[in-house]
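Novice: Below are the chains, spelled out letter by letter.
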Amino acid sequence: MTPTATSPTDRARREWFLIRFSWHMQDFPQKQYRQIKRDLRQELTTAGADVGMRHAVADLGRPRTLADGYIAELGRPVPRWTTGAVAAGLAVLFIVYLGVAYAIGTVDTLEAMGGGTVTTYPFGAETIFTSTTDGISVQTQLSAAGTSFFLGVAAVTFTLGSRLWRAFG
Amino acid sequence: MPDRDPQLLKGVLPMLVLLLLTEGESYGYELVTRLQAAGLTDIAAGTVYPVLARLEREGQVSSRLVASSSGPARKYYRPTADGAAELTAALRGWDHLSDTVRAVLDRAATPKEQ
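Protein sequences, first through last, are from chains A and B.
Heads up: the first sequence begins at 996 in my numbering, then just goes up one per residue.
Heads up: the second sequence begins at 37 in my numbering, then just goes up one per residue.
Please note that the accuracy of each hint is not assured.
Unchecked claim - Facing chain B, from chain A, some residues (calculated, C-beta under 8 Å):
hint, residue
1, Ile1031
2, Asp1045
3, Glu1068
4, Pro1072
As the list claims (entries may be wrong) - Just so you have them, the derived chain A footprint on chain B, three or more residues with Cβ under 8 Å:
hint, segment
5, 70-76
6, 119-130
7, 135-145
Hints are computed from structural coordinates only; laboratory data are not their basis.
These figures come from a predicted structure and were not determined experimentally.
Backbone N, C-alpha and C fix where the C-beta goes; we use that ideal spot for every residue, glycine too.
Isolated chain B (complex conformation):
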């Protein structure tokens, strides 16, 4: 896998976290494994937990403790209404940025006619 600039991921990680939590609530470590399974194989818990903490602090995700029969109670996170709105805005922004970047890349890849 090619090396990825960590800054690129940093910008979109909150959006990915909100998106995955929208698909299904998760506890922290499970969320990390879901991100890894989605292709971010080198992402670590130490990268995801601070983002989760901020999203919770800002009221974009809420949490609840769920008792587990096979281990300690787990803290499950899911997006709030504010988080859902933030996700919608982030996806719109991402689509716009992605389209713009793609257009620039395509233009740069196309040889200029003399």
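So here's chain A without its partners, still in its complex pose:
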């Protein structure tokens, strides 16, 4: 008898589950994760042939719960690198947003006062806000203190978001 091929619909159902599962396993040790994914694809294909792919996928439960099961069996907490990177990125973007909002507010104030130039030194970086009838401008420069501040914020949020200490636990 010829082995039954998995139908395109069943393949799509299986792969969609594996994609969602991958999302929750992205911080799992990659070498082990690749083996688990291979095995899971194999088991889903096998179970799908036995009881139907819909039933086989349903029997695995929610992808997140399954991923939690694998992480629990790892026997040690796993750092959440992706969460840490996203947290650090968002924190830096938020500070940039605050800086831009401050710059716009300063230039608007200058404009309301009839124009002019003001110079400030946030984190030691000379920053010149100008508003004239010809236009507006903001000039700044990189400073060691400013760079350290950004790196510090990124490092702290990455550490907290990724639970970095788990890597050494």
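Got chain A; can you put chain B on it based on the hints?
Specialist: Quick look at chain B alone, frame taken from chain A:
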């Protein structure tokens, strides 16, 4: 069937998996159905696969792919020598725990004489 604390099963599931695989090698989904047939009717593949993955990672079970005439190749698992030793130790531990729990339960069920 009375509700069962999932934590109770979690502790003994690796032992049951090793025991069933000792009785006969199985592929993952077949093992799930064997556990269900043994009385763990509510156990799901999503509970068993992570345990199988750990047992294989720790060298307690080995696997081999077997071609099937009626479907995809199946990955069959069976205990290794380490797995057999682990099973022996787990069964001994279970017997000891079971005896202890039973003794405590029996004592609690027996009315005290005044």
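Novice: Check each numbered hint against the structure and report the violated ones by number, ascending.
Specialist: Violated hints (numbers, rising): 4, 5, 6 and 7; every other hint is consistent with the structure.
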